[in-house]
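A.B. asks: What follows is the residue order along each chain.
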Amino acid sequence: DAKTTQPNSMESNEEEPVHLPCNHSTISGTDYIHWYRQLPSQGPEYVIHGLTSNVNNRMASLAIAEDRKSSTLILHRATLRDAAVYYCILRDGGVQWSGSEKLVFGKGMKLTVNP
Amino acid sequence: EPEVTQTPSHQVTQMGQEVILRCVPISNHLYFYWYRQILGQKVEFLVSFYNNEISEKSEIFDDQFSVERPDGSNFTLKIRSTKLEDSAMYFCASREVRVATNEKLFFGSGTQLSVL
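Just so you know, the sequences run in chain order A and B. Heads up, the first sequence is in my numbering, so the first residue is 53 and it goes up one at a time. Heads up, the second sequence is in my numbering, so the first residue is 298 and it goes up one at a time.
For the record, the hints were derived by calculation from the structure and aren't laboratory data. Only a predicted model underlies this, so the values are computations on that prediction, with no experimental measurement involved. Incorrect hints may have been included.
In silico DSS-like pairs for lysine-lysine, Cα to Cα no more than 30 Å straight-line [unchecked claim]:
id: 1; chain 1: B; residue 1: K375; chain 2: A; residue 2: K121
id: 2; chain 1: B; residue 1: K401; chain 2: A; residue 2: K55
id: 3; chain 1: B; residue 1: K339; chain 2: B; residue 2: K354
id: 4; chain 1: B; residue 1: K354; chain 2: B; residue 2: K380
id: 5; chain 1: B; residue 1: K380; chain 2: A; residue 2: K121
id: 6; chain 1: B; residue 1: K354; chain 2: B; residue 2: K375
id: 7; chain 1: B; residue 1: K339; chain 2: A; residue 2: K162
id: 8; chain 1: A; residue 1: K55; chain 2: B; residue 2: K354
id: 9; chain 1: A; residue 1: K121; chain 2: A; residue 2: K159
id: 10; chain 1: A; residue 1: K159; chain 2: B; residue 2: K380
id: 11; chain 1: B; residue 1: K339; chain 2: B; residue 2: K375
id: 12; chain 1: A; residue 1: K159; chain 2: B; residue 2: K354
id: 13; chain 1: B; residue 1: K339; chain 2: B; residue 2: K401
Over 10 Å on every C-beta distance to chain A, these chain B residues come out as not near it, computed from the model [claimed, not checked]:
id: 14; residue: V340
id: 15; residue: E356
id: 16; residue: E400
id: 17; residue: V412
id: 18; residue: L413
Glycine included, C-beta positions come from ideal geometry on N, C-alpha and C.
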């Protein structure tokens, strides 16, 4: 799986938007960009994923650069519950039947939300 | 939302003993995984399982480890002879279909294994 780069940590304030960046300069045309998060003492939790177009769901938005070499996870109004480690992961969606099925987690980025 | 359930939440064992960690994946899911996370470290892939066989395993998943789907609902990870370095949080995960547009993994809350 292609590599992603995230800051080690970020801080935000409650009820303010927060933009979490991810660089993936070696992304291939068939790589999907996935975001997961891990709350303290919990298993990872899916947040959002996309390929080329920006994506929105009830948890967050994903903005993907036109060249796909970077993306940004946007939490529109951070809450204390959003404090977690956020993982930006690339998954090859091109080879569905013989490619690796696993997610490879990096160190992620720790988000602290201040009250 | 449906959940992946893991039991027990904590397991303490003596070095050299066998342990079985249990997971109930989401009922219509077809792909199952075990991951582990040593305290303060990354979440590491151990093994994936599909159609009643291992589809991929990592270097960590040596002969001491095995997985089984003994019935239609449970998915287990067995460690035959535990070592101190097996102490970690073990996460089970499952996925519904093998379609890139729907590749959402659901993780359980984990089993904290402590080997003394």
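A.B. asks: With reference to the structure, classify each hint as holding or not holding.
C.D. replies: The hints, checked one at a time:
{"no.": "1", "hint": "B:K375 - A:K121", "in the structure": "violated, 40 Å"}
{"no.": "2", "hint": "B:K401 - A:K55", "in the structure": "holds, 19 Å"}
{"no.": "3", "hint": "B:K339 - B:K354", "in the structure": "holds, 17 Å"}
{"no.": "4", "hint": "B:K354 - B:K380", "in the structure": "holds, 19 Å"}
{"no.": "5", "hint": "B:K380 - A:K121", "in the structure": "violated, 42 Å"}
{"no.": "6", "hint": "B:K354 - B:K375", "in the structure": "holds, 14 Å"}
{"no.": "7", "hint": "B:K339 - A:K162", "in the structure": "holds, 12 Å"}
{"no.": "8", "hint": "A:K55 - B:K354", "in the structure": "holds, 20 Å"}
{"no.": "9", "hint": "A:K121 - A:K159", "in the structure": "holds, 19 Å"}
{"no.": "10", "hint": "A:K159 - B:K380", "in the structure": "holds, 25 Å"}
{"no.": "11", "hint": "B:K339 - B:K375", "in the structure": "holds, 21 Å"}
{"no.": "12", "hint": "A:K159 - B:K354", "in the structure": "holds, 21 Å"}
{"no.": "13", "hint": "B:K339 - B:K401", "in the structure": "holds, 19 Å"}
{"no.": "14", "hint": "V340", "in the structure": "violated, 4 Å"}
{"no.": "15", "hint": "E356", "in the structure": "holds, 13 Å"}
{"no.": "16", "hint": "E400", "in the structure": "violated, 6 Å"}
{"no.": "17", "hint": "V412", "in the structure": "holds, 19 Å"}
{"no.": "18", "hint": "L413", "in the structure": "holds, 21 Å"}
Of the numbered hints listed earlier, those contradicted by the structure are 1, 5, 14 and 16.
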